[in-house]
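A.B. asks: So you can see what is in the structure, the chains are spelled out below.
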Amino acid sequence: MAESLLRVEELSLAFPHEEATRRVLDQVSFDLYPNEVLGLVGESGSGKTMTSLTIIGLLPSTAQVLGGHVWFDGRDLLALSDREMRAVRGAQIAMIFQNPLSALNPLQRAGDQVARAVRIHRQLPKDEAYDTAVALLRQVGIPDAASRARAYPHQLSGGMAQRVLVAMMLACQPALLIADEPTTGLDVTVQAQIFELIKDIQADTGATVLLITHDLGVVSEVCHRVAVMYAGQIMERAPVEALFERPQHPYTERLLSSILRVDQPKELDTTQALLPISLDYDTPGCRFANQCPNVLAICREQRPAPHTTAQGHTVFCHKYTDEAP
Amino acid sequence: MTEPLLRVENLHKHFKEGQHIIHAVNGVTFEIYPGEAVGLVGESGCGKTTVARCILRLEKPTRGRIIFDDQDITELSTGKIRGLRRHFQMVFQDPNASLNPRMTVRRTLSEPLQLHGLFEDEKQLQEAIHRVNLELDHLQRYPHQLSGGQKQRVGIARAIMTHPGFVVLDEPTSSLDMSLRIHIIALLRRLQQELYMTYMFISHDLSTVRHLCDRVLVMYLGQIVEMGHIEDVFNNPRHVYTQALLSSIPIPDPKVKRQRILLKGETPSARELKPGCGLQDRCPHVTEECLNPVPYYDLGNGHRVACRLAKPGAQQ
Amino acid sequence: MKSLRLGRRRPFFILGLLIVSFYIIIAIIGPELMRYEPTQTDPSVTLQPPSAEHLFGTDKFGRDVLTRVVHATRLDLAIAASVAIGAFAIGSLVGGMAGYYGGSMDDVVMRGVDVIFAFPAFILAMAITGVLGDKVEYVIIAIGVAYIPYFIRLTRGEMLSVRTHQYAEAAISVGNPGWRVMFVHLLPNSLSPALVQMTLVFAWAILDAAGLAFLGLGITPPTAEWGVLVSEGAQRIITGEWWVWLFPGLAIVLAAFAFSLVGDGLRDITAREEN
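Residue numbers (this note's numbering), protein chains in the order written: chain A, 1 to 325; chain B, 1 to 316; chain C, 1 to 275.
Hints may be right or wrong, so weigh each one.
As the list claims (entries may be wrong) - Label pairs and their calculated CB-CB ranges: (1) B:Gly148 x A:Asp269: 18 to 26 angstroms; (2) C:Glu137 x A:Pro16: 18 to 26 angstroms; (3) B:Glu127 x A:Asn290: 27 to 35 angstroms; (4) C:Pro177 x A:Leu66: 54 to 62 angstroms; (5) C:Ser104 x B:Asn236: 54 to 62 angstroms; (6) C:Gly103 x A:Asn290: 50 to 58 angstroms; (7) B:Asn235 x A:Asn99: 34 to 42 angstroms; (8) A:Asn99 x B:Lys123: 41 to 49 angstroms; (9) B:Lys123 x C:Val136: 50 to 58 angstroms; (10) A:Leu268 x B:Pro295: 35 to 43 angstroms.
Don't read these hints as lab results, they were simulated from the structure.
Even glycine gets a Cβ: it sits at the ideal position worked out from N, Cα and C.
Pulled out of the complex, with its shape left as it was, chain A reads as follows (with noise of 0.2 angstroms):
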């Protein structure tokens, strides 16, 4: 078994809400490994970009964490001090987010801003730095890099942006891209050409990325192995194949019951699909409990431990781990 480049073990997350606290994230567990593309997936109020948002320790300040690790590079990130997260940041672990414009600095000009990742992870001088950064948008799809290099950001379509990003992350050479939700937004053909850049440079640099979804088709297209998110807790890990062919966990289910899909004709069955119903943040146990088909007793009450059911597949769900009645 290969060595996980990113272990988050059982963290735990609480905000305020209301006059009390809501647990958004219920000991949350998963491993990345080198060279692959992990994709966590889940609809509002899953968790998951708050997952993202403490791997990269970028919370708001009202964030408590209740427990759990986050281990990447032999050092427990939740554990460090400012100083020393900034240290990673950027350079061992970057993160492209939704809305690429409002991530760039809207007064300077995009080569520049890549100019100066380069010359800050790369320690090259002005000049080189700049060329590089030019090498670096035309490596990412930019037609007409070198002048593009000059345009402000306000200049640049959201397609376009999100590729400068996707340049100023390759600058800093990060052993992990956090990419959360990076093409919401963006037009389907747009989305379709980001996606195949992730893979390219997926392929070319050997970079290992956390990508962060609702969209069940890009999982199914960029995606080498799934984490399955609903109201915080995680219900599922798999490869790819094995979660659309084989889910498990009943949301799984009925999760894939519920997507519309383009290539399939026009039969409507709401019989499989997951309830408009509100999450329930308050229940010691699954708190996929109150619209599970195959609910228990036994689900309301305590949470189900993990149980492996094939390699690499691994659900959370008391169907599995109560086998004997």
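Starting from the structure of chain A, add chains B and C where the hints point.
C.D. replies: Chains B and C in isolation, oriented as in the chain A frame:
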């Protein structure tokens, strides 16, 4: 042969932006028949939302005609249009923004009835609430006390209060989670049958279009590049743009291998209009012929394509 | 409870509310509780320091200072309320219309606002009182005119922002005429900053009314008004009868201070809610 409920003839809409003119819609012509659900699809900037707004007279067309139920509404005064609005309504895209934060659901739903003199009693509100699968208790709530999916249902309820014959749906599911979309689409289908409505469904999400619509119009840079019945267009797309669009959509199934058609570059701005096909700078099969205005080729069964490759015997 | 949390986090706001409530109670029932009349003179007890008989002492005509201060409270709060509410109502309506309809109406309104803002509020009030005369109604108008532009600007700004919101368009789409969209849908959503400003204008109006009266404009003796009382008391500073000017002075300062605290607190609260 039934008469169309809506006829759009050679619709143009230009916006002035400082020195530039934005050609949002450039000569769009189509018909919608009673009882149909027609999808208007395309990416950002293609003009689909502008077409819808012109049809509902939320904008005034620059050129062309809008004929609703045999009445030319293109030049009607705002006062006369207002009276007609009970017959054509809109469901807006962002449920968080399209409901007045200071009005209860009850007020929001009663208003259309009151404005058109159709308010009789509380039962109308109750009926509407139940139709969209909400509870009576929701009537007294404010928008911020509702979830995204619930708010969107209120938006749908508001649109059907006056029992309009025609409803424009502007990306009604785009801001919702994937698992909610199936419910809203199922609801919309049921409502269409229950209330005998005709839909115009605007979306960039082709998956939802496929499950709701009978026909589809594909737009690019202010023009319709392909139109036809859903199965014809989705199974046999003939315009390069439609092919690229469909092939870009990731399928949630690792077994399906994609043959992706990637267009070069990005959508040009709608500022400088070149004659000929809007895709000329990006299409892998562009020839000289494409630089001239492209006619529609008829492939039968209402499937029409503005692309030279649809000509019988066309060479790539 | 949400209100308790409010108290712990915003002690000054609560303090301001308490003081304002106190003033309002005094203004409503105070005068009826007084033993004396505000203009009741008694030559035998002129310029007496505070005592059991006269808690705030008496002035040079033997009038009970406490009674006069309490009656003045009613008058001053009434003036300030009329100014604040009047300026708020007129300014918000005009501002809302200017913001919604734009065009030449907007231009005219904004130029009018510029003209009024060119003058310091107090000077303007002085000028108007000088022209119109010394009745209470004219004082209200004089002070109010200077504050109307604040409300015009605030509401116009909000209106410019909310009219782009999708629910404004939805209102048109269901069949609302333009004026109803502006009045029923958008204007209520544009009033937050104006409401906050109203409490601050209340505080300023108190100071303006008192200031005018102090200078002999607007309200004049023997009417009991804080500024009048301070003016009468000013003559006594040198001679040492401190109670004649101190109590009305404190009343002014405390009132203005309390309303300002409330206004600031409201501003913080509405700003936080928006975030």
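A.B. asks: Could you run down the list of hints and mark each one as holding or not?
C.D. replies: The hints, checked one at a time:
1. B:Gly148 x A:Asp269: 18 to 26 angstroms: holds (23 angstroms)
2. C:Glu137 x A:Pro16: 18 to 26 angstroms: violated (52 angstroms)
3. B:Glu127 x A:Asn290: 27 to 35 angstroms: Roughly 29 angstroms apart at Cβ, these two residues keep to the hinted range, so it holds.
4. C:Pro177 x A:Leu66: 54 to 62 angstroms: About 55 angstroms separates the Cβ atoms of proline 177 (chain C) and leucine 66 (chain A), which means 54 to 62 angstroms holds.
5. C:Ser104 x B:Asn236: 54 to 62 angstroms: holds (56 angstroms)
6. C:Gly103 x A:Asn290: 50 to 58 angstroms: Between glycine 103 (chain C) and asparagine 290 (chain A), where Cβ atoms are some 55 angstroms apart, the hint holds.
7. B:Asn235 x A:Asn99: 34 to 42 angstroms: holds (35 angstroms)
8. A:Asn99 x B:Lys123: 41 to 49 angstroms: holds (45 angstroms)
9. B:Lys123 x C:Val136: 50 to 58 angstroms: For lysine 123 (chain B) and valine 136 (chain C) the Cβ distance comes to about 54 angstroms; the hint holds.
10. A:Leu268 x B:Pro295: 35 to 43 angstroms: holds (37 angstroms)
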